[in-house]
Amino acid sequence: SSIVCIGLVSIFYIYLSIYIIYLSSSHFFYPAVCLCQRQFCDQYFDTPKFELTLRDLWLRKRKECWELKCPTAVNGTKETSGEQSKAAALCSRYKEITNLPEIQLRVKEVLKDVCDDRETETSRSQEDESWLSKMNLVCFAEFTTVRRSFTVEEEEGVQIDLDQADFGYSVGEIEVLVPEGGDVQSALEKIERMAGMLGLTGDQRVEGKMNVYLKRNYPEHYAKLLSEHVL
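Sequential numbering of the sequence shown, starting at 587, is according to the working numbering.
For the record, the hints were derived by calculation from the structure and aren't laboratory data.
One thing to keep in mind: the hints can contain errors.
What the hints assert, rightly or not - Below are the BS3-like pairs computed for lysine-lysine, each with C-alpha atoms no more than 25 Å apart in a straight line:
hint	residue 1	residue 2
1	Lys694	Lys635
2	Lys801	Lys655
3	Lys655	Lys720
4	Lys720	Lys694
5	Lys647	Lys795
6	Lys720	Lys647
7	Lys647	Lys698
8	Lys795	Lys810
9	Lys635	Lys801
10	Lys635	Lys647
11	Lys698	Lys635
12	Lys647	Lys694
13	Lys647	Lys681
14	Lys647	Lys801
15	Lys795	Lys635
16	Lys694	Lys655
17	Lys810	Lys649
18	Lys681	Lys649
19	Lys681	Lys694
20	Lys681	Lys698
21	Lys810	Lys635
22	Lys681	Lys795
Go ahead and model the full structure; you've got the sequences and the hints to work with.
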């Protein structure tokens, strides 16, 4: 997932995704194109009191680049009957910020009561990580993933990621990026159609990697997120 940056102005994308059971490429009934296979390490950061994740804010470092996933209220996702589609009910929706100074400003705003007031100026340098200690941020999760990404010609703009994490969990994900102000309902319909093409009913949520990682390794953190209805 990416963000297009023009100077200091970021064009945000709403990130819509639905986790699915892990499938091999042989499960694709329609011609699927493998875009790539890659391996990456993710590090997630929060304060010792989990002041970011308890607000459903996820600060991540991947391949020396920073990302902040923020919850977003998406309008226009209801069906005409007033009921949500299965995809709308099961999809996660996040706004992704990849501009480092903007990430730092957003985190500082949330953590204004715990930040070191002496120096909390933003930095453009990906290498300078002194801001983490000034905001009392520490790494609480780290794992490596092997990802294979596919597209299917019948659904333009839809990507299927098959992930295998090094802590023994595999999961698939159907995802669509929507420019802010774009047609979210159309994206949800694409996800639902793709799930149907793959023979997936979508009757229940499949747990994402972070859910499983925290449940296995940090049950106290996991329980707090459940109690705040973040997970």
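Here's how the hints hold up against the structure:
1. The suggested pairing of Lys694 with Lys635 holds, with an alpha-carbon distance near 15 Å, which does not exceed 25 Å.
2. Taking the CA atoms of Lys801 and Lys655, the gap is about 20 Å. The hint holds against a cut of 25 Å.
3. Between Lys655 and Lys720, the direct Cα distance comes to roughly 21 Å. Compliance with the 25 Å bound is thereby established for this hinted pair.
4. Distance restraint check for Lys720 and Lys694: the Cα-Cα separation of roughly 10 Å lies within the 25 Å cut-off, and the hinted pair is therefore satisfied.
5. Proximity of Lys647 to Lys795 is assessed by CA-CA distance (about 15 Å); at most 25 Å being required, the pair is judged to hold.
6. With a C-alpha separation of about 17 Å, the suggested pair Lys720 and Lys647 falls inside the 25 Å cut-off, and the hint holds.
7. Proximity of Lys647 to Lys698 is assessed by CA-CA distance (about 21 Å); at most 25 Å being required, the pair is judged to hold.
8. Straight-line distance between C-alpha atoms of Lys795 and Lys810 comes to about 17 Å, which keeps the hinted pair within the 25 Å bound.
9. Distance hint between Lys635 and Lys801 is fulfilled; the C-alpha atoms sit about 17 Å from each other, no more than 25 Å.
10. Under the criterion of a C-alpha separation no larger than 25 Å, the hint pairing Lys635 with Lys647 is consistent with the structure, at around 20 Å.
11. Between Lys698 and Lys635 the alpha-carbon distance is near 14 Å, which keeps this suggested pair within the 25 Å criterion.
12. The hinted pair formed by Lys647 and Lys694 meets the criterion: a straight-line CA distance of about 17 Å does not exceed 25 Å.
13. Restraint check for Lys647 and Lys681: satisfied, since their Cα atoms lie roughly 16 Å apart, inside the 25 Å limit.
14. A C-alpha spacing of about 21 Å is found between Lys647 and Lys801, which places the hinted pair at or below 25 Å, so the restraint holds.
15. Proximity of Lys795 to Lys635 is assessed by CA-CA distance (about 21 Å); at most 25 Å being required, the pair is judged to hold.
16. Restraint check: the Cα-Cα separation between Lys694 and Lys655 comes to about 15 Å, which is no more than 25 Å; the hinted pair holds.
17. Proposed proximity of Lys810 and Lys649 is contradicted: the alpha carbons are some 29 Å apart, above 25 Å.
18. Between Lys681 and Lys649, the direct Cα distance comes to roughly 20 Å. Compliance with the 25 Å bound is thereby established for this hinted pair.
19. Between the alpha carbons of Lys681 and Lys694 the distance comes to roughly 17 Å, so the proposed pair stays at or under 25 Å and holds.
20. Proximity of Lys681 to Lys698 is assessed by CA-CA distance (about 21 Å); at most 25 Å being required, the pair is judged to hold.
21. Of the pairs offered as hints, the one joining Lys810 and Lys635 holds, with about 10 Å between alpha carbons and a cut-off of 25 Å not exceeded.
22. With a C-alpha separation of about 19 Å, the suggested pair Lys681 and Lys795 falls inside the 25 Å cut-off, and the hint holds.
Hint compliance for this structure: hint 17 is the single one not met.
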